[in-house]
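Engineer: Spelled out from the first residue to the last, the chains are:
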Amino acid sequence: MILADSAKYDVSCASSGTFRQGRANTLGNATYSGICHSFAADGRCISLLKILMTNICIYDCRYCINRRSNDIRRTLFTPAEIADLTIGFYRRNYIEGLFLSSGIVKSPNDTMELFIHTLKLLRHRYRFNGYIHVKIIPGASAELVHQIGFLADRLSVNIELPSRQSLAKLAPDKTKESIIVPMRQMAGEIEMYKMEKKKYRHSPNFSPSGQSTQMIIAATPESDYDILRLSEHLYRKMNLKRVYYSAYVAVNHDALLPANPRPQLIREHRLYQADWLLRFYGYQSHEIVSESHPQLSENYDPKVNWALHHLDFFPIEIHSADYEDLLRVPGIGMRSAQKIVFHRRAANLSRQDLRRLGIVYKRAQHFITINGRFEGGQSSLLHSLLSERKIERARQLHFDFNDAPSAVQPSITGEL
Amino acid sequence: MAIYSYDGTFMGLMSLIGFLEDKQINPVAICDKNDLVTDLFEEQEDIKTDEKRARELIGRIVDHICEPAFDRIVYGFLSQINGFEMAIFNYLHLGLTAGENVERLAGDRRVAPLRRLSLRVGREVHRLKGFVRFAQLADGVYYAQIRPDHDVLPLLAPHFVQRFADQHWVLHDLNRSRAAMYDTHQCEIVILAAADSLCFAENESHFRDSWRRYFQTIAIAERKNRRLQQQFMPRRYWPYLTEMAERVR
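Protein chains in written order, with the numbering used here: chain Z, 1 to 416; chain F, 1 to 249.
Please keep in mind that the hints were generated in silico from the structure rather than gathered at the bench. Source: prediction; values computed, not measured. Misleading hints may appear alongside valid ones.
What the hints assert, rightly or not - Now the in silico label distances, taken between C-beta atoms and shown as ranges:
no.	chain 1	residue 1	chain 2	residue 2	range
1	Z	323	F	99	20 to 26 Å
2	Z	70	F	227	32 to 38 Å
3	F	209	Z	258	37 to 43 Å
From the three backbone atoms N, C-alpha and C, an ideal C-beta is built for every residue, glycine too.
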């Protein structure tokens, strides 16, 4: 289990995005929504068997437990062992599929060939139809990336660090090009085979669940502004499905790395919130952070932060506002906005109806009108936006709501 | 005005509601005739199952309301929570005149109760798709035990038929002493009492132990969060989860 121990720092566990019916005499299917099979002691979902082929590695990335210069026990799985374990777990409904990654043996291409061998065993010998996610090794040849795309459901190549400088400093064996080139190739092929599929029903699937990536947060000096701009670029230009953020956990002592005792979970959480705004809520990165305010607020989530800076945008009428505008109301999420649009066609919605549909009314009331009536009060605005616990903590830490935007200041004293 | 009873089956309930709709009757209560208690003050009437009338009603639901409405009714029925019959009746009574708009009236008092029931069942089904744990028996069959709150076997079985198309499996609902059995060709639900002891396949303990070790290793110690774990994976599921069973005892 040494090899699972090292794989745990890979964040992704998504098993969604592919829908494949089970067939007679084959094993497994993939559901569109994904299924979580268990939850580890850290509260993260376990959906896939996350495992490294080997922890042998020729690279010496500073932040990685398996770097060449670390003196640890090295082991190696054979493709048959991995296939065996995957099938055994899958048949018992422990897992939804396999997440395969690895240290780099001999060369990127040799490692990729081990992956392909494993996947062929699973797909052809065991006729395994379940979900498979494979990490692409930076610097792998175009031909191998092409081959593996037909065997896996999702591919990903890790960006690791949000800038070229940091990468050169902490992962001297990887270059930005070795990461971007396969990423761009995959983006192209995924797009192409998707088009093909529309024309010819039997054309093959190439990584049908798209590609994702991951980067380490707070190991290097990049600001949230840099990170979110990069993510936005990856979503819009490279068509990535997900960017995962992983708060840096110190596993090595190294002069080049920060010696922070605790992972910065709040920052990671805020980045994920901002990430959702980019992907599902129609925000642009410059609306969330800017060069003059490069960090996300710790106290407010980025959506509330935007709303507080744009009080003139509100209140909006829930019976007539566009879906896109509803999405901007704190307390109304994607699902709630869809439900409002769906339900308001048949009935006039009351405050109780909104609550029943799952809107956080306590928060939303300050930003909406219902049939022209505004029920929010400004005096309780700040309190309703911060949970009790957070207010308490802010007091303890002697925050005096400094990062509350100036527009709200009058509201604290009850004006406006 | 009276209490109406049916034989406890889905088709029985559909026949009863079909009858009530035809006769334009508003019942005081609907109940399973097996749990009927004699009541001195209310009239009681038992309606026999009538396949034809039930099918007719189902056809009307699908054509005049919508297919999701039919699913909602089935889910509500499987919840088997007190009062589900009246929730279905009220929903249908409105739906047969309002049409597919009934799904847009989530807040309505005739719709909300059934919605609540069906959502509960849907959530349990989704959770169990992940939480069911099979173990291989000596004869090669994969066997799993569950204790669900609702009667979810009919909804879970199709998922596992799809997934484990090439293996023999049994999914045993201990609360209701029923099991879904699949033999790579067809799946049926049968009555099955709990076995005293099970004889596991030779390599079963190998996979079970590997999984437990994997489960412990995969958690990042610096981020430990038991509360979050329990929020996603409620305690009542633990006894049948290979990786958590030891923590229960």
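Engineer: Per the hint of 20 to 26 Å, is the separation of the Cβ atoms of residue 323 of chain Z and residue 99 of chain F within bounds?
Structural biologist: 24 Å Cβ-Cβ, so the 20 to 26 Å window holds.
Engineer: Tell me if the beta carbons of residue 70 of chain Z and residue 227 of chain F are separated by a distance inside 32 to 38 Å.
Structural biologist: holds (33 Å)
Engineer: Does the beta carbon distance between residue 209 of chain F and residue 258 of chain Z stay inside 37 to 43 Å, or does it fall outside?
Structural biologist: Given about 38 Å between the Cβ atoms, the range holds.
Of the numbered hints stated above, none is contradicted by the structure.
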